[in-house]
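S.K.: Those sequence lines, one after another, are chains A and B.
For the first sequence, this note's numbering gives the first residue as 1, with consecutive numbering after it.
For the second sequence, this note's numbering gives the first residue as 1001, with consecutive numbering after it.
Hints are computed from structural coordinates only; laboratory data are not their basis.
Cβ atoms here follow ideal geometry from the backbone N, Cα and C, with glycine treated the same way.
Keep in mind that the hints are not guaranteed to be accurate.
[As the list claims (entries may be wrong)] Taking CB as the label site, the calculated pair distances span:
#1 B:HIS1039 / A:ASP58: 44 to 54 Å
#2 A:ALA165 / B:ASN1156: 17 to 27 Å
#3 A:GLU45 / B:ASP1134: 48 to 58 Å
#4 A:THR80 / B:ASP1134: 44 to 54 Å
#5 B:ARG1221 / A:GLN44: 24 to 34 Å
#6 A:GLN44 / B:LEU1057: 27 to 37 Å
#7 B:LEU1121 / A:MET1: 43 to 53 Å
#8 B:ILE1216 / A:ASP172: 52 to 62 Å
#9 B:THR1215 / A:ALA56: 41 to 51 Å
#10 B:ILE1216 / A:GLY43: 27 to 37 Å
#11 B:PRO1152 / A:ALA165: 29 to 39 Å
#12 A:ASP172 / B:PRO1024: 20 to 30 Å
#13 A:GLY28 / B:PRO1152: 22 to 32 Å
#14 A:SER30 / B:LYS1113: 15 to 25 Å
[Claimed, not checked] Residues from chain B that keep clear of chain A, each with C-beta distances beyond 10 Å, as calculated:
#15 LYS1070
#16 GLN1145
#17 TRP1189
[To be verified] List time: in silico DSBU-like cross-link candidates among lysine-lysine, alpha-carbon distance up to 35 Å:
#18 B:LYS1070 / B:LYS1113
#19 B:LYS1085 / B:LYS1113
#20 B:LYS1113 / B:LYS1026
#21 B:LYS1113 / A:LYS37
#22 B:LYS1026 / B:LYS1085
#23 A:LYS107 / B:LYS1070
#24 A:LYS5 / B:LYS1070
#25 A:LYS37 / A:LYS107
#26 B:LYS1085 / B:LYS1070
#27 A:LYS5 / B:LYS1085
#28 A:LYS37 / B:LYS1026
Each chain, written out:
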Amino acid sequence: MAQLKESPSQTAGPYVHIGCTPGHAGLGGSDLGASMKTGPVQGQEIAVCGTITDGADDPLTDALVEIWQADANGVYPGTTGADPNFTGWGRKPTDEVTGEFRFDTVKPGLVPYPDGRLQAPHVTVWIVARGINLGLHTRLYFADEQEANGTDPILSSIADESRRATLLALPDGPDRYRFDIRLQGADETVFFDM
Amino acid sequence: MTDTPHESYPRRDRDWHPPALSLPYKSSRLRSPNSRPLHFLTTLSEETGPVFGHDVLNPLDHDLIQNFAKPGEAAIGPRIIVHGKVQDEFARPVAGALIEIWQANAAGRYRHKREGYIAPLDPNFGGCGRVITDDRGAYEFQTVQPGPYPWPNGPNDWRPAHIHFSLFGSSFAQRLITQMYFEGDPLIWRCPIVGAIPSGEAVERLIAPLDMERTIPMDARAYRFDITLRGREQTLFENRSEGL
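Sequences are here, hints too, so could you generate the full structure?
M.R.: Here you go:
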């Protein structure tokens, strides 16, 4: 049993970019997570774009998005055998006018699940912003990985099948995917507690 | 059916954290998911995370009094030290954790283009810094005490003086953003953002006490802010599919 309680979360507020992307906020310097590649990378290089919309269908123009994923071979950076030129971690502000975010990354490989099965290629996504009291975790899967998605232990266990589609990034031209996140409403994105 | 021993993160206590929707905090109304988040046991994807080395730090990143000041000048305001330790739920120190902070200046104003408060900017203050915890999980910043400020929520809402903290432990499951408040600030208990936290006991965890032991005589007061992240423990992973 845990002995201590986790520190309670508080919203990142409207000025999260000062602390997490100071370069973007005009304070100078380069931002951590701005690039996920430190050299030539293995596998398919892709761009993932999207917006985060609120309950009034307005895009969040003050959010911060972070992603974490395995490399093209399904190995997490920092572990043995990982692509040395791929960091696996990206951090981007949403555009202050359009709300659009963009990550230039690679398509991840299959990743082991604790019971020995495999998880479909996926990206862990974490969102913070004004009005979000505890960072929101979700997962991005790829709509063109139908076979792997069909046996993914997390995706296939979402009881309401219609909601699974909210986790699928859709092909949007060559090597491009679109992943729009909806915080509220009929097509609300599935968020996870893990 | 067999069970596999697995080190995972015990489930987050969501009744301890502020709920997604807290009506008095207006911004949460349109930004809170209506559905409860779906639970699953952590996998490799949540049990790993980026590792930050000291190469990501600049020499003055821990010193907000100096890191945006012109040579020979300094940020204006009450000089303070903010220090503490980062540990996990099992009281183990979290070494190598990246802490990023941001805050308003001593007058209560942020250096941000969308900031509208009439209080003055301080040309020698940027308002952000970062450190990495040492082997004992300890960290320390120098800064000026931020001022409270009004914000557009209710007709007359004021934020208590606070410093935002972003924390990276050793895995994505530990990712946390929170705020530190100052002992004795009467605005803490009037703030709708603080008030979203369900219990007073949890709020107290975010209130840093004055730490006279670490105060530097004739220079700076010290505040102590300890942070607890989620911790891993051995569990038996049930090999069956479970509906979310």
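S.K.: Check the structure against each numbered hint from earlier and tell me which ones fail, lowest number first.
M.R.: Violated: hints 1, 2, 3, 4, 5, 10, 12, 23, 24, 28.
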